[in-house]
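First to last, the sequence lines map onto chains A and B. Per the numbering used here, the very first residue in the first sequence carries number 16; after that it's consecutive. Per the numbering used here, the very first residue in the second sequence carries number 54; after that it's consecutive.
Be aware that a few hints might be false.
Unchecked claim - Okay, derived cross-link-like pairs now, EDC-like style, lysine to aspartate or glutamate, Cα gap no bigger than 20 Å in a straight line:
(1) K101/A <-> D132/A
(2) K161/A <-> D63/B
(3) K46/A <-> E177/A
(4) K161/A <-> E105/B
Source of the hints: derived by calculation from the structure; they are not laboratory data. Keep in mind the model is a prediction, meaning the values are calculated, not measured.
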Amino acid sequence: MAVMNVNPTRMQLTKLKKQLVTAVRGHKMLKDKRDELMRQFLDLVRETKALRDKVELELAECSDHFVNASAVMSSQALDAALLSPKQQVQLELGSRNVMSVEIPEYTAASRTSNEGDIYPYGFAFTSFELDDAVSSLNDVLPDLIKLAQYEKSCELMSAEIEKTRRRVNSLEHVMIPRYQETIKYISMKLEENDRSSRTRLMKVKDMLLEKAHGWN
Amino acid sequence: MAKNIAVMGDSESIKGFSAVGLDIFPCEPEEAASLLRHIADSDTYAVIYLTEEIYGVTEKERARYAERLTPALIPIPGVRGNAGTGKKRLSSFVEKAVGSDILFNG
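Based on the sequences and whatever the hints tell you, model everything.
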């Protein structure tokens, strides 16, 4: 591992030691964050998978109903029946913070409270298959909205987990070893300087002593 | 803030959604990309459902909204049957987060 390009001084050493402490603490916290995010993400993904299976099954049923309806009605009549919808779904958009990830929360509200408003046509000239189709679709809707919320949350969380994992890895395998190496390098250099000045002093002392004794 | 829900796809698959209160945007795959950009940037929709066919051809546009809170772009199966796009999308999330797909075994 490469040693950082720094001067081997005592000041630099204390600075690096402080940085190492910060890096280690950051690493620990990010690791905790990653683990917790992962736990929540896996729970959510399992739930989402079950929900998607259910919704896809129900949607397939809805399409079957619509195929039935279009079989007994002309396509013009079908289009005309669905042309001007009465109902309008509005989503109240909220958000929740999970480990610093903003995930959406939808609350659905329809414009009119009358349940019959999902049928935008008179019943006289349409087939009952169309009624079936529309009502089955209306039944899927709450799940469909929940699915959107779950899948968006999964998407956002997976991106955040990836980011956090990268940070953890870079701290663990690059930053922290580099700090440790550099600290080791500086302390060894300082000790070496220390020893060399000590031997020099001893040498000088020897020379001085010799000089003093020699003249006696 | 109240927002609406949009559905994009071939008219055959999506026309029923207008009755239950969603806004429908029938389109052909060729024009889907520009339409999606138009709808998503209008900021009136919290969720946009795309049929699998449309979902497949709008990869570049979808990438722009992946990291944003709104809109959520969600694939749904159309009348032509289920190609498993939604499952693949979920498993790609797992793969991104965990490193390998541990839930779907694929």
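Which hint numbers doesn't this structure obey?
-> 2
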